[in-house]
Structure formats: structure tokens, C-alpha cells
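Here the structure of chain A is known, so what remains is to put chain B in place on it, guided by the hints.
Number of protein chains: 2
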Amino acid sequence: MSVLVVGSVALDSIETPFGGVQDVLGGSASYFSLAASLFTDVKIVAIVGDDFPEEYIGLFKSKGIELKGIQKASGKTFRWHGKYGYDLGEPESLGTYLNVFENFDPVIPGDYRDAEYVFLANINPELQLHVLKQVEKPKLVACDTMNYWIEKKPKELREVLKNVNLLIINDAEARELAQEPMIIKAARTILEMGPEVLIVKRGEYGALMFSEEGIFWAPSYPLEAVVDPTGAGDTFAGGFLGAMANDDTYGSAGLKKAVIYGSVLASFTVEDFGVKRLTDLQHREIEARFTAFLKLSRLD
Amino acid sequence: MSVLVVGSVALDSIETPFGGVQDVLGGSASYFSLAASLFTDVKIVAIVGDDFPEEYIGLFKSKGIELKGIQKASGKTFRWHGKYGYDLGEPESLGTYLNVFENFDPVIPGDYRDAEYVFLANINPELQLHVLKQVEKPKLVACDTMNYWIEKKPKELREVLKNVNLLIINDAEARELAQEPMIIKAARTILEMGPEVLIVKRGEYGALMFSEEGIFWAPSYPLEAVVDPTGAGDTFAGGFLGAMANDDTYGSAGLKKAVIYGSVLASFTVEDFGVKRLTDLQHREIEARFTAFLKLSRLD
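Residue numbers (our numbering), protein chains in the order written: chain A, 6 to 305; chain B, 6 to 305.
Same shape as in the complex, but just chain A (with noise of 0.2 angstroms):
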């Protein structure tokens, strides 16, 4: 099965104390679906500029992405300027240029509106909302969000809630969402409003998944060196539904493996600036660490 993802495509600007670049394909969509495609089929709906580099395009498509639902909008793409303290926690963002991006209108081309896998990226909920009405039927809608339209959208983020099956977000996010400090509370609050299932992403400490059948903690993996955390929960995001649109059943079961595939991305993604470790990711390298992830946590 296909996954569509709707969120943003942006250059990136990235400032770390051992480095940095500039101007490097960025955005929730582009990580989603580089990271998704190694899975399956991703078709992408998103807003770029005129000056968006032919060469990104080429990667999308190398990748077998589908860019139909790319919309070219005359004016400059999507621009993040972050930079890293020497922790490589949260960046501190010297600035976001919104740009085209401001006036996205998420139009789902025709043949996209059977999608079985959706994934809604960190939009406005209203544009989250506009694309549900798109959409016919899915198996699986996941979705993710931030403190910004938690404050500033409450009332629209608690209608995508209701409709969609998943919510992926960090802890910081579901105890601001819960308003509540303890996670386990605020997970229990958060699936009150409607998602069958919570995904807490935790950074180097992995991952919580909760459901009606109980708690999954996921490990992150050790790395000897983070390089750049951007990009990472969405990395996760790609890598956990596209592998639970390969695998097609959803279940208990698939949801773990998928949790563990989507940190594997994500420690990919780290481990390098940019998507550039994703962009000659191999096969093997993702099946050996996923092994290694369940060793990890094996008590035999």
C-alpha cells in the first residue's frame, strides 16, 4: 500500500558548534517521505517556490516518490534557519521565512483521494481538516502537531483528533496537549480525544506507544555521534508508516515492528546534516540495526 503525506518541503539553513549547512532540502514532508519511500510507494502534497533546485526534485524522484501533488507557486520556498547548542537539543531558530508556504492550500489530486495510509505533517490543523475532507476512507490516518497550534488552534487540533487513528508527538507536546506532567496520565487523557493510539517520541531516551492493549517502549539507539538532529521525528513519522502501509495489517504487532522501524530511521538521520544519510540509506543497514534494536532490550 501507498502512503500520502501532506506537510512542508523547505530549504534548511543548520548551524551546529561541529558545522553546518545551507539551504538543504528540509521540511516534515521531505524526511517523511525519504524515509517512508524506503518502505513503499509515498505520493507528496506540498508547496515549493520557483527557486526550488531541480536537483531535489531529481531525489524525490530517484526515490519513486510521486511529485504530482507538488504544487509550484511563483515566489520564494519554505526557508528554516536553525542552529544547535553543544547538547543538540531543541535549535534555536535564528529564523523561519514561511514564504510560499504561507498560503498552502493542500489540494489532493484525484487519484491520491483513495490513499489507505495518510499521514497529516505539522500543518495548521485547519489545513489537517481540509485534507481529511479529501481523503476517502483511509485504513490509517496518523497525524503529528506542536505547542504552536496547541495554543494557538485549539479548537480545530481537537477535530483532527477525532478523526484521525494516530497521533505522533514528542513528550513535551503531550503534556502540554494533556495538560498534565506525568505521561502515562497524559497519555490516557490524550486518547480520551480521540486517536486509538499515542505515539510519545522521547529523543535518545525512544519511544512510548500507547493503546488500548497497553504501553510499547521503544529504545532509541546508542550512537557514538549525533551530527543533526533535524528531521528526526519525521524520519520516525516515514519510517513507522511506511512500514505499517508494506506490512498492511494493523495490528498490535505491526504497530511495534513499525515503531522500531521508525527509529531505526530516525537514528539514521542524525547521523549526518540534512536527509543526506537518508538519501543513500541501504536495505541491509536498516534490517541490521533493526536487529540490533531488538537486542538491545532482549533479556536473553
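Simulated from the structure, these hints should not be mistaken for laboratory data. Every value quoted in this text rests on a predicted model; they were computed, and no experiment measured them. Take the hints with a grain of salt, since some may be wrong.
One copy or two, it doesn't matter: identical chains are merged, so the pair holds either way.
Below, in silico cross-link-like pairs of lysine-lysine (DSS-like), each with a Cα-Cα straight-line distance of 27 angstroms or less [claimed, not checked]:
hint	residue 1	residue 2
1	K190	K281
2	K262	K300
3	K142	K158
4	K261	K77
5	K190	K88
6	K190	K300
Just chain B, lined up with the frame of chain A:
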């Protein structure tokens, strides 16, 4: 096999936004002993003042903990006063009164010297070395330390590390000891200092165990409510070493199981103030949570 622990017995006053307690049983050796006593016989070497409540002596005795090694000095018992914020993270120390603990000279009673499992709790590395000279060929020696000793007694601490099998510290301590922010590199550096096994405690994010055999990632138990985090680390060590001594095989599978038992015990301790939850803990509760722990990270 029995476990010998050398550390502090204290009277703690603890404040949290949700309540507090005054002059209750605390100290590394107390938490350790009560946790380890749920698995095996425990011998404790510590010092108390003449104000130490008989009630706590009675508590230790009721758990079968051998007290011959507890010195009673004239003066006051070690007291600590700490205050936690809403995140129940690192406490603010409002007062540390060493009292009789200032002149603690750990003398190991003659019939304790053949102890096979030894825990050197977080005390001056000079005293840890003094204990090491008194014990005869233990099977397994584990130790703890803290930032203060890493900074003030680096030479003595290095000497301790050359002579222990296992170091149990938290992640900030591991990073400081190794002078390395990436935990996997820090672990490698520390293993080169002497211990065969390093356990890094990460609070609500679980624990990592590093050895020649690789990395083991233990989850922590997602709790509904944390009341008081005091003593979680020493409880972990007690549960861990108690389980090791009870099992009495020093191998990879036993180490992993013991890490889970340590995490199980710590998850109980934080559910109430001080040692309270440890004192009425039942074996069936421990086994039930052990099973729940394994389930947390199991794929099937």
C-alpha cells in the same frame, strides 16, 4: 549468598509540592539494604548517632538485615534536608549535616570479610578503598559515586574503579567522569578505567548496561504518580545486587534480569515518601511488576 553494603544511614527531611516528611529513615545504605533484603541476606556497615530512633533499628531487624556493622557514635545522625520542584527532578539541598558521618571509619566485622557480594555506596573513595582492603576475594564488587568525588578525589576514585567489577551511576555522572557528552563513548572510556560492567541510571528513562557483551536497555516503569524520587538510585542498586546475590551466577542473562529487578524496586520506592513503600512491599507485587516490565518492550 549475602550482600555487604557500606554507606550512609541518615534522617531525611523531604519537601515536595505535594507534601513532605521530617527526620525519616534515609541514606544510601538504608534504601539499598531494604531493597536487597527482599532477595537475600544483607549485612550493613554504617554509622548512626545516639539519637537514631530504635524504631528504625527494629525495621532493619524485621527485614533480617544484620546490624553488627552499624557503629553507634555519640552525637547526631547524618541529616539531609531536600526540596523538590514540580518536575520532581533534581532536588535542591536545603541542608546537609554530616554529624557523626563526618568521622565514619568503616570497619568490616571479622565474619563479614568473606562477603561475596559487596556494594560500596556513594561515600568518599578513600573509605571505599579502605573497605576494599578489608574484604577477602568477593565475587562481585559494585560501587556508586557522585560529582563531588569525581571532582574532589579523582585519583582515589580511579583507584577504586580499578578494583571493582561494576559501577552504577547516573548519566550526568557518567558524562562528567568520562569528560564526554555522548553516553556510548563515555561508557567505553569508563570501562577502560577498570569495571567490567557499567550501569547508567536515567531516572524515568530507564537504565543502560554496558559491558563487553554489548548494551542492554532497560525501560523504567511508566508510573501514574511519583511521590518522592529520593533513594531511587540506591534502591535500584539494592534490587540489582540482591537479585545478583540470590541468583549467584555472574553472567550476561543474570545481569540483565538483575537490572530489571533494580528498576522494579526503584519504581516502587518513588511511589511514597522515603523508604515507606519498600517496607510493606510483597514478593507477588515485585514479580507482577517484573512481568509487566518485560512486556513493555516485547514485540509479540
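Hint-by-hint comparison with the structure:
For the identical chains of this complex, K190 and K281 are inter-copy neighbours only, at 24 angstroms across copies versus 38 angstroms inside a copy, given an alpha-carbon limit of 27 angstroms. Proximity of K262 and K300 under a CA criterion of 27 angstroms is satisfied in both settings, with 13 angstroms inside one chain copy and 14 angstroms between copies. Only within a single protomer do K142 and K158 lie at most 27 angstroms apart by alpha-carbon distance; the minimum there is 25 angstroms, versus 66 angstroms between protomers. In this assembly of identical chains, K261 and K77 lie within 27 angstroms of each other by CA distance neither inside one copy nor across copies; the values are 37 angstroms within and 54 angstroms between.
For the identical chains of this complex, K190 and K88 are inter-copy neighbours only, at 24 angstroms across copies versus 33 angstroms inside a copy, given an alpha-carbon limit of 27 angstroms. Within a single copy, K190 and K300 get their C-alpha atoms only as close as 29 angstroms, which misses the 27 angstroms cut-off; across copies the closest is 19 angstroms, which meets it.
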